[in-house]
Structures are given as C-alpha cells and as structure tokens.
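With chain A fixed as given, assemble chain B onto it according to the hints.
Number of protein chains: 2
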Amino acid sequence: MVFSFSSDQPIFRQITVRIANDIVNGELKEGDQVPSTNEFAKLLQINPATAAKGINILVDQEILYKKRGIGMFVSGGARAKLIKERQDSFRETYIAPMLNEANQIELSDEQIKQLIDEERGKRK
Amino acid sequence: MVFSFSSDQPIFRQITVRIANDIVNGELKEGDQVPSTNEFAKLLQINPATAAKGINILVDQEILYKKRGIGMFVSGGARAKLIKERQDSFRETYIAPMLNEANQIELSDEQIKQLIDEERGKRK
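Note that the protein sequences, when read in sequence, are chains A and B.
Sequential numbering from 2 applies to the first sequence in the working numbering.
Sequential numbering from 2 applies to the second sequence in the working numbering.
Just chain A, same shape as in the assembly (with noise of 0.2 Å):
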C-alpha cells in the first residue's frame, strides 16, 4: 500500500478513501488484516490521531471492523458495499457535472455517447 498526500483533500480523508480504494481494486480482500492506526502513523510519518480519525470513519461504517486484542480486518461485504456507495454517488460526481459542461460547450447526448465508443474503442 503505497500512499502520496495531495493537498486538496485534509490527510484523514485521504487515508479512508485510499483504503477504501484498495479494498474496491481487491488490494486488500475481506478478511485480510490491515495495520493497526500506531503502525500506519509510523508507516505514514503521520500523528496518530490523523491516522486513527481516517481509520475510524471505515470501522463506523462497518467496512473495518477490529478484534480486540488481535487487529483490525475488512469486514465481509465491505467491497459491495462500497461499490453500492460509489455507484449510488455515480450520478452526481460524474454524470451531472458532464451534463452541464457538455449544455456550456454545446454537445449533445449522442455526442457524448459517441465520444464514450470512442474512448471504449481507443482502451480495447
């Protein structure tokens, strides 16, 4: 697991969507164990509340959970679950801003669907 901060986003956020991330591409599977928050501080060079507030959010959300005493685990289903979530998101990340940059510049949707094919076409 190999992080680089940007600036655009506080660090504690940045390190719950890079797990997250990593559990959606399949680099961390349910089950596995993931660093408990004192060693990814140490991993990160980071102060360990940051570590802990980003780590907490994905065991608030049941995406984590931790064995005490043991570690901490991703849970079973954290990978649907954060797929439903991004999918549900979707919409009003990708689609929606699309849509209004396309009425600006003045294409339309069969353009875009066009140019979809196309970049489809240019990745196969």
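Which copy is meant is left open, because identical chains are indistinguishable; a pair holds if it fits in one copy or across any two.
Here are the simulated BS3-like cross-link-like pairs (lysine-lysine), alpha carbons at most 27 Å apart as the crow flies: (1) K125 with K114; (2) K114 with K85; (3) K85 with K54.
Rather than coming from a laboratory, the hints here were simulated on the basis of the structure.
Treat the numbers as computed from the prediction; the structure is a model and nothing was measured.
Same frame as chain A, but now just chain B:
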C-alpha cells in the same frame, strides 16, 4: 461579473477561467469592453500583477485584445475558440475519468448511457 475565489487554484488562474466562462456563457459578448487590469485589481481587491497575469493569458490566446489608449475587448471568434478548446479537452476531462470510475465500480457502458438519459429526463 461576480467573483468568489476558491483555494483550489491560484487566483490568476481563477481570473482567466472566470473571464473565459463569461465569454462562453454569453455574459461577455464579442466586441464588449472588459475592465482594465487596474480596474480588475481594484474591483477584486487583488494585486494588479496578479490581475495582469490572469488577463494576459487571454490576450496571448487572442481571446482578448488591447486597443492602445482605449481599453481591452473581447475578440471576434473568441467564444467559438473557447468552446472548441473545451470540446477538445472534454474527453480527457470528463469521459476518461468517468470510464475509469465505471470500471472500478463495475458499471457497463449501457448503464452509463442509461444514467445519462435518466439525468437528462430529470432536467427536462
């Protein structure tokens, strides 16, 4: 022309973007006179050098032009030129990141296109 600065981008860049947006959305029309660098600086309570930096980008792109001793104006063809630029970057700025996210969260192109139709339907 109302400005509010965000912290994400340097102020000179926000000035460039905002004037360009006003040309695209028609608030500033081709041939319209725009405030001088010093008027901008006063209006926005910023350093004249910052205002000049933001404005000169548009002068260099021939979106704005100066008439010596008279003032600064929106060039003929400015709107079409700005729209063309934004159309050219639309794929990279909107389509590609959207498809990256769709891949991660397992949305098909068909599902994306359906979301576009739904979002469009909501707006009508």
